[in-house]
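Undergrad: If you want the building blocks of each chain, they are given just below.
Protein chains: 2
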Amino acid sequence: MSPGEPGNKKTKVSIAKQLLTSTTAETGDKDYEGSELELKCINTIRALSIDQVQAQKSGHPGAPMGCAPMAHLLWNEIMSYSPSNPLWWNRDRFILSNGHASALQYTMLHLSGYKDVSMEDLKQFRKLGSKTPGHPESFVTEGIEVCTGPLGQGISNAVGIAMAECHLAAMFNKKDGFSKLIDHYTYVICGDGCLQEGVSSETSSLAGHLGLGKLVVLYDDNNITIDGSTDLSFTEDVTKRYDSYGWHTLTVQNVTSGLKELRMAISQAKREISRPTLIKIRTAIGFGSVLEGTAKIHGSPLTDDDLLSTKLSYGLDPEKSFYVDSAVQAAYEKSTVINEEKEQGWDVLFANYQKAYPNEAAELERRFTNKLPEGILEQLPTYEYGQEGSNKATRKFSQACLNAIGPILPELMGGSADLTPSNLTNFGVKDFQKMTPEGRYVRFGVREHGMCAISNGLYAHGGIRPYCATFLVFSGYAMGAIRMSALSQFPVLYIMTHDSIGVGEDGPTHQPIETLENLRSTPNLNVMRPADGNETSAAYQLALTSQKTPTVICCSRSTLPALEFSSKEKALKGAYVCWPSIEESEPELILVATGSEVSLCCEAAKKLSFKTRVVSMPCQEVFMKQPFKYQVSILPGNVPTLSVEASTYHGWHQFAHAQISINEFGRSGKGSEVLKMFGFTTENVVDKVKALMKFYDNKSVPHLRNRPFL
Amino acid sequence: MSPGEPGNKKTKVSIAKQLLTSTTAETGDKDYEGSELELKCINTIRALSIDQVQAQKSGHPGAPMGCAPMAHLLWNEIMSYSPSNPLWWNRDRFILSNGHASALQYTMLHLSGYKDVSMEDLKQFRKLGSKTPGHPESFVTEGIEVCTGPLGQGISNAVGIAMAECHLAAMFNKKDGFSKLIDHYTYVICGDGCLQEGVSSETSSLAGHLGLGKLVVLYDDNNITIDGSTDLSFTEDVTKRYDSYGWHTLTVQNVTSGLKELRMAISQAKREISRPTLIKIRTAIGFGSVLEGTAKIHGSPLTDDDLLSTKLSYGLDPEKSFYVDSAVQAAYEKSTVINEEKEQGWDVLFANYQKAYPNEAAELERRFTNKLPEGILEQLPTYEYGQEGSNKATRKFSQACLNAIGPILPELMGGSADLTPSNLTNFGVKDFQKMTPEGRYVRFGVREHGMCAISNGLYAHGGIRPYCATFLVFSGYAMGAIRMSALSQFPVLYIMTHDSIGVGEDGPTHQPIETLENLRSTPNLNVMRPADGNETSAAYQLALTSQKTPTVICCSRSTLPALEFSSKEKALKGAYVCWPSIEESEPELILVATGSEVSLCCEAAKKLSFKTRVVSMPCQEVFMKQPFKYQVSILPGNVPTLSVEASTYHGWHQFAHAQISINEFGRSGKGSEVLKMFGFTTENVVDKVKALMKFYDNKSVPHLRNRPFL
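The listed protein sequences derive, respectively, from chains A and B. All residue numbers for the first sequence refer to the numbering used here, where the first residue is 1 and numbers rise by one. All residue numbers for the second sequence refer to the numbering used here, where the first residue is 1 and numbers rise by one.
Excised from the complex, chain A in its bound form (with noise of 0.2 Å):
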């Protein structure tokens, strides 16, 4: 049949019809080991998750197909949550690492009474705008803990979410009564394609080494992938690569006869609290459509004929589309009654918290409520010019912060993909490890990727502020999850080391050029490159303060000398005139720097016979949101402007008129050899300014700020 021939789908409909009420029997559940009524709510959300994805005719229909019947278990049987507070702070966490699947967990959001996913939204699923994009958005829809979407995130997160769960329980569970204060699980579905991801092999690892008992994987093994059989690429044996991580590995070969062995699997699982699960289940991708099993189910609507035969051989009404029926609307609406009566119960475990332990209690609170202690931010360091220990290396000063806020800021949990000593990122606290589950500081191992996903995962469980370290450089390793970071709106703390080709001896592998750029490009992250110690005290201000950006800090290896005229607040700004006093005004040139460089440049400007304004920006996101008066008052925009950066060029056009930059990448060699021989000196600096004056004289200068739009 054709698709768009009404009358022929008619008649076949109305066969369908009659060969549904003469053989449901034999078509619906003639195997089926379980009651009638839980195969009719894993059919029925197989056929919700199918309507969503023929409505716009775009989308994944296979995983759900056949991930219904864990789903089902989940949200009907085995997990803790309350729809009418989707944020109740001991829920079990759900993630959907398949992100693809999404038609499922909106699916189960509305089967569970989550007032952001009606049957009218599942409608709107991926309509621009909707409460149902594409994949799941964190900030778009409650009851969604992460977006996932791109592979071995959502995994990854899990761990960081089992991480904090552990942690907390640690630092506020009591024994009297309150030892299970916090105290949920964290459950993950996942398919093939997070499993081949390094990202989840990293994390992976780590969580094994840690021992987070209380998560557990559902490993949704269809063999299928977007190219096809995973034999094409996939053949290793996964329950034994997870064995060797230090988990607890099951297998289920049997989801669509019944839940049983599931089941079971499941209960298992959770009375394994020493390490943490994967139970591998063997499903059939796109359950019940002629496809099964095939990778033509994996991302694309069905046929008008194939739904029609799908939905009949779930016994379900093919004509009826959106459609919930009473039985299975009662079976959800009970399991949403239990578990709203537990997050009762537990309201009323935590207001006797709250009598017994009133400090935990309010420290708890204020932790999940995303407030800072009282005061803190008067504890970053600030800086006199010319006092002691004003010249350090920016790493340095970023650590004078960390042991400035870190004890008491007891939310503050992280620490370097192996790099601690270089990172400068321990404040003295405790290793988060197996057996201490209080400690704080966290050993991320040599993972830079799974660190910055981990981080989206402490801080997307609440209660925790995350940050992690590396070089720089490496960022590069982990861009995919520092973009997640910046699209779910985590304000992940990152800092970031060895910040240029200062670096030196490690020569090009280890030195940024493009890493700059790459940061500040993305969208709603805040890119901090400080140039002394009040300016890293701005940075940990901008991060602290932060709620819905993360941050990433910038740091030199090397000692920079502090600026005459930095402040604090003067840097919260983005930018402002560090050289002279910001009095003198009206400057023939300015030359505008960041982190290391601005110190070079007040070097230069002094040697300079033209009035010149030194301008230190140690965030360009921060300047552009300042008023529109404050930024021309920095940056005119027709004077002459040199910008001095040892970066890439790429976005400096905006900000000035020519560049010192670098467009190579860099080299082996002492730091100050490397910079050197890249320009960055006085005396470059010097004769490039001549250079631009005598280019300027007599002709007018192109304004830069003053734009129509942008």
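For the record, the hints were derived by calculation from the structure and aren't laboratory data. Keep in mind that this is a model prediction, so the values were computed, not measured. Ideal Cβ positions, reconstructed from N, Cα and C, are used throughout, including at glycine. Heads up, a few of these hints could be off.
[What the hints assert, rightly or not] One side of the interface only, derived from the structure: several residues of chain A facing chain B at Cβ under 7 Å:
| hint | residue |
| --- | --- |
| 1 | Pro150 |
| 2 | His209 |
| 3 | Phe234 |
| 4 | Ala330 |
| 5 | Gly507 |
| 6 | Thr509 |
| 7 | Ile513 |
| 8 | Glu514 |
| 9 | Glu664 |
Chain B: place on chain A using the hints.
TA: Relative to chain A, chain B alone:
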């Protein structure tokens, strides 16, 4: 002893020398089971490595001290290579995946007689401009196969190298006496760090799947990372993990008291040709130092005291640095002679092969010298405006290019990260699989980072032109390896489809915003975003003719209308006037755009009353290399110019006075609706142009291109 107290030192050295004379037998080789010469060779390797680090007071002595026994065995006994012809096609490949141990590799190159690494070069270790930079750089030093340093890359490159060997052997070896024309092993030394990185998990899983039996990895299991013991974060069972990938795994408990066990293991590894082998070798980082077995010896030079006692413990004269005694010299001269003879033997074999199989021999020569087949560029399709089939998605034009050149460019080998039906990268050749090594379509699996690292390896081997593909946004997963292509000057072809918010329903997780700019700001990387069929063919021509620069071709998911005045030749200049025909000059306004936005601008131009020029700029990098005269003929700079690209505005200031761009993440919805929402409509371009022209009415137009220097 404080450093810099020579008197004190002298005394210690004198005492030490006495000790040395009296106790060599006890200290040097008491427990050593092999020959005295063997131990002396190994200790000389250790000493030379230490000396390099001491000379510059920078570098990583720990790993070379621990790995010296395996390096000696490989270079002195196992491997076939030819110092006088470092690029001998059939050499065994050696990859130091833990590139920070570079001093070890330079030592081995020096001892083996590579001219590029003289004793003087060793003394210049890590100095600016030396042949011995901080991490191995293949484009600097002969004998280095790939750049290493960023962990996990080297072992992943090695997988690509082993794939290349396997494929070329299947293609060129012949039964009658030429069964071993291409027949070499790929040896890797790597540490814990490389095995923690996700990229190595991806590539190791694929290596196991492919059964790359001639890949042998020596795992330096020293239990130490920068943060301290591997107990902190890396307690997985590594051999079990590699077992799960289908590798052959072996364990060697001791290499410090003799090479017998390791020799046997490597022999076993070589015999097992159906599976790659991982040999886990227990070593001691910083062997012989007082800091042996600690993280402190990882990345810092030894103290003077420790240097003294360490050399003594090696049975070497602590006063001598950069010293190779005659016996060691002779041992290496001997192995070099044997190795050179191996190459000479192979040269005879190849001469005979040339006679027996002149076509194949010529083909092999052509491929290893990176020459394209005659006339191949003419096979790239070109399109007349209005011709049937000239309106297509550029990913389909990309497919047409692959279909045109694939069959006649046998060195073209690659594939997609499990997005074949979307990337359209299969031109109908057989899969490269364990049972079909003659195939050249690679099923990379959902492993973007690994795919790109393998592609670097495929190129590094020689004889292969690699290409690989994923969605543009997921290049963020692979930036670590794409950067290495650019740095290493490997002209890998990246085909990145679904290149904008036009992706639509998949939503912001799948919509690149910052990605184009990230790629463009990477040095030595050509980023092509073609607008139609002719421009896509130009992109392929650029990629094919590139010898030292990788190319990213960014393709649309959806159909684009052909440009009226496009041509392959014009597009090869990076930017050109695409509307109206170039003869009409002196525009009042310029629209500059790439890819899907070019035809949009042409539409807008037709609705505008201003004399409008539309510039298509498929490649910023190539345009920037054109003569200045050409550049200003296209973009005069003082004509109001508006850029239109569905991407961040970063980078566009250099080409336009104003931008239509996207500076937030995208949305899920129909592609056309999402594009409209962000202003990518004819109407919005017309509106913005009017605003721009009004703004500059009676004002001087700032000049964009006429800069004093760049």
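Undergrad: Now tell me, hint by hint, if it's right for this structure.
TA: Results of checking the hints against the structure:
{"no.": "1", "hint": "Pro150", "result": "5 Å, holds"}
{"no.": "2", "hint": "His209", "result": "5 Å, holds"}
{"no.": "3", "hint": "Phe234", "result": "5 Å, holds"}
{"no.": "4", "hint": "Ala330", "result": "32 Å, violated"}
{"no.": "5", "hint": "Gly507", "result": "4 Å, holds"}
{"no.": "6", "hint": "Thr509", "result": "4 Å, holds"}
{"no.": "7", "hint": "Ile513", "result": "6 Å, holds"}
{"no.": "8", "hint": "Glu514", "result": "4 Å, holds"}
{"no.": "9", "hint": "Glu664", "result": "5 Å, holds"}
When held up to the earlier numbered hints, the structure conflicts with hint 4 and nothing else.
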